[in-house]
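A.B. asks: With the hints as extra help, turn the sequences into a complete structure.
Chains as they are written, first to last, in the working numbering: chain A, 1 to 187; chain B, 1 to 123.
Bear in mind the hints are in silico, worked out from the structure with no lab data behind them.
Among the clues, some could well be false.
Coverage of chain A stretches by chain B, computed from C-beta distances (three or more under 8 angstroms per stretch; other residues unrestricted) [said to hold, decoys possible]:
1) 12-22
2) 54-65
3) 117-128
Derived CB-CB ranges, DEER-like [to be verified]:
4) L93/B / A137/A: 38 to 46 angstroms
5) D127/A / E98/B: 50 to 58 angstroms
6) P102/B / L163/A: 32 to 40 angstroms
7) I69/B / L83/A: 20 to 28 angstroms
8) V16/A / E98/B: 46 to 54 angstroms
9) I104/A / L93/B: 13 to 21 angstroms
10) R97/B / G165/A: 22 to 30 angstroms
Here the structure is a predicted model, which is why all the values come from computation and not from measurement.
Cβ atoms here follow ideal geometry from the backbone N, Cα and C, with glycine treated the same way.
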Amino acid sequence: MSHGYLSPTGVEIAFVLVGLVTLGSGLLVVTVKNLVYAALWLIVCMGSIAVEYLLLSAELLAWIQVLIYGGAVIVLFLFGLMLTRAPIGPTEELNVRNRWPAAIVGLGAAGTLVTVVVQAYQHTWFDPRGAVSLGSAQALGGQLFKYWVLPFEVLSVLLLAALVGAIVLSRRGGALGAQAPNEEAEA
Amino acid sequence: MHAVYPLVLGALLFAIGLYGVLARRSAIAVLMAIELLLNAVTLNLVSFGAILRDQYGMGQIFTLFIITIAAAETGLGLAIVLLLYRQRATSDLGEQRELAEPVEPYDSDELLAVDEVEAGAAR
Chain A
1 MSHGYLSPTG VEIAFVLVGL VTLGSGLLVV TVKNLVYAAL WLIVCMGSIA
51 VEYLLLSAEL LAWIQVLIYG GAVIVLFLFG LMLTRAPIGP TEELNVRNRW
101 PAAIVGLGAA GTLVTVVVQA YQHTWFDPRG AVSLGSAQAL GGQLFKYWVL
151 PFEVLSVLLL AALVGAIVLS RRGGALGAQA PNEEAEA
Chain B
1 MHAVYPLVLG ALLFAIGLYG VLARRSAIAV LMAIELLLNA VTLNLVSFGA
51 ILRDQYGMGQ IFTLFIITIA AAETGLGLAI VLLLYRQRAT SDLGEQRELA
101 EPVEPYDSDE LLAVDEVEAG AAR
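C.D. replies: Shown next as structure tokens:
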């Protein structure tokens with residue numbers, strides 16, 4: 001089987017097209033002036049990344065990505081926007097006044113990473129179809145509970161800690177709230 | 001599939017997230033950019049998992065772990081932002097300067113005194 005840049009396979013074409021959607025929506029997430037639109041573009045970005053997972057034959061991860069990022073995390077963000085009474089309309093204060101250093105750092109990181117990756121993996125090809133058996137729920141669950149049981153259990157404890165921490169942080173009138181003298185004025 | 005396609009996509013997405021973290025002032029927008037950073041890393045992990053195919057399935061399992069940690073991080077981060085908003089009535093990161101070093105410009109005679117002290121120490 002011959003490989004070449006000039007004769008891309010169907011998977012490659014689909015990957016590049018969905019990748020353009022990912023990059024475009026990602027760029028909109030960090031540049032758009034309306035915070036709610038940024039959160040909604042984040043859904044598009046996460047959904048297209050889920051499609052990329054499917055093209056890389058990670059089917060279970062694709063659905064988990066849709067469920068957790070496209071659903072739970074975005075809803076969290078929208079709730080956060082609502083509860084902080086963030087401006088719904090377009091605002092100028094969303095970005096720092098001087099954006100050139102950030103753009104330079106971003107472009108520098110992009111240039112460096114792309115150069116290194118292209119230099120290192122120029123001659124590597126792989127068949128995503130061959131990895132389909134690795135991404136199924138059965139294979140992933142088998143590996144998770146055969147080799148990664150301890151990290152899995154530690155993660156459940158971490159989730160519990162995060163849950164308790166979030167409750168303690170957002171409780172009104174608790175030990176932390178007592179230190180805020182102007183809290184009652186805001187509430 | 002050529003290995004460069006998914007890896008370059010991950011690198012570019014990481015750069016976009018980096019720009020967003022640095023350029024945004026609203027704390028919630030910064031959290032969104034951090035999600036982009038994490039997704040760039042997980043995309044790289046999944047593509048390396050498809051390229052290398054080790055028997056432990058590290059790429060996809062680690063992606064699963066990172067998604068879990070990212071969800072916990074977002075919940076905690078938003079709780080902190082809400083607390084910040086309740087105490088300061090703003091979630092603008094540019095306004096939070098309480099821990100910053102106070103900026104006190106020296107007067108010219110003070111600078112002169114510092115110079116003299118340093119010159120005396122050198123002597």
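A.B. asks: Between I69/B and L83/A, is the Cβ distance one that fits in 20 to 28 angstroms?
C.D. replies: For L83/A against I69/B, whose Cβ atoms are near 23 angstroms apart, the range 20 to 28 angstroms holds.
A.B. asks: Holds or violated: the 22 to 30 angstroms window for the beta-carbon distance between R97/B and G165/A?
C.D. replies: holds, 26 angstroms
A.B. asks: Could you say whether the range 13 to 21 angstroms given as a hint is met by the Cβ separation of I104/A and L93/B?
C.D. replies: holds, 20 angstroms
A.B. asks: Taking 8 angstroms as the C-beta cutoff, is the stated coverage of the segment 54-65 of chain A by chain B satisfied by three or more residues?
C.D. replies: The restraint on the segment 54-65 of chain A holds, since 7 of its residues have a Cβ under 8 angstroms from chain B and three suffice.
A.B. asks: Look at the Cβ atoms of P102/B and L163/A and judge whether their distance stays inside 32 to 40 angstroms.
C.D. replies: The hint (32 to 40 angstroms, Cβ to Cβ) holds, given that P102/B and L163/A are roughly 38 angstroms apart.
A.B. asks: Between the beta carbons of L93/B and A137/A, is the distance compatible with 38 to 46 angstroms?
C.D. replies: Check passed, 40 angstroms falls within 38 to 46 angstroms.
A.B. asks: Does the Cβ-Cβ separation between D127/A and E98/B fall within 50 to 58 angstroms?
C.D. replies: holds, 55 angstroms
A.B. asks: Is it true that V16/A and E98/B lie within 46 to 54 angstroms of each other by Cβ?
C.D. replies: holds, 47 angstroms
A.B. asks: Tell me if chain B covers the segment 12-22 of chain A under the three-residue, 8 angstroms CB rule, please?
C.D. replies: holds (count 5)
A.B. asks: Verify this for me: three or more residues of the segment 117-128 of chain A with a beta carbon less than 8 angstroms from a beta carbon of chain B.
C.D. replies: Per the Cβ count (9), the hint holds.
Taken one by one, the earlier hints all hold for this structure without exception.
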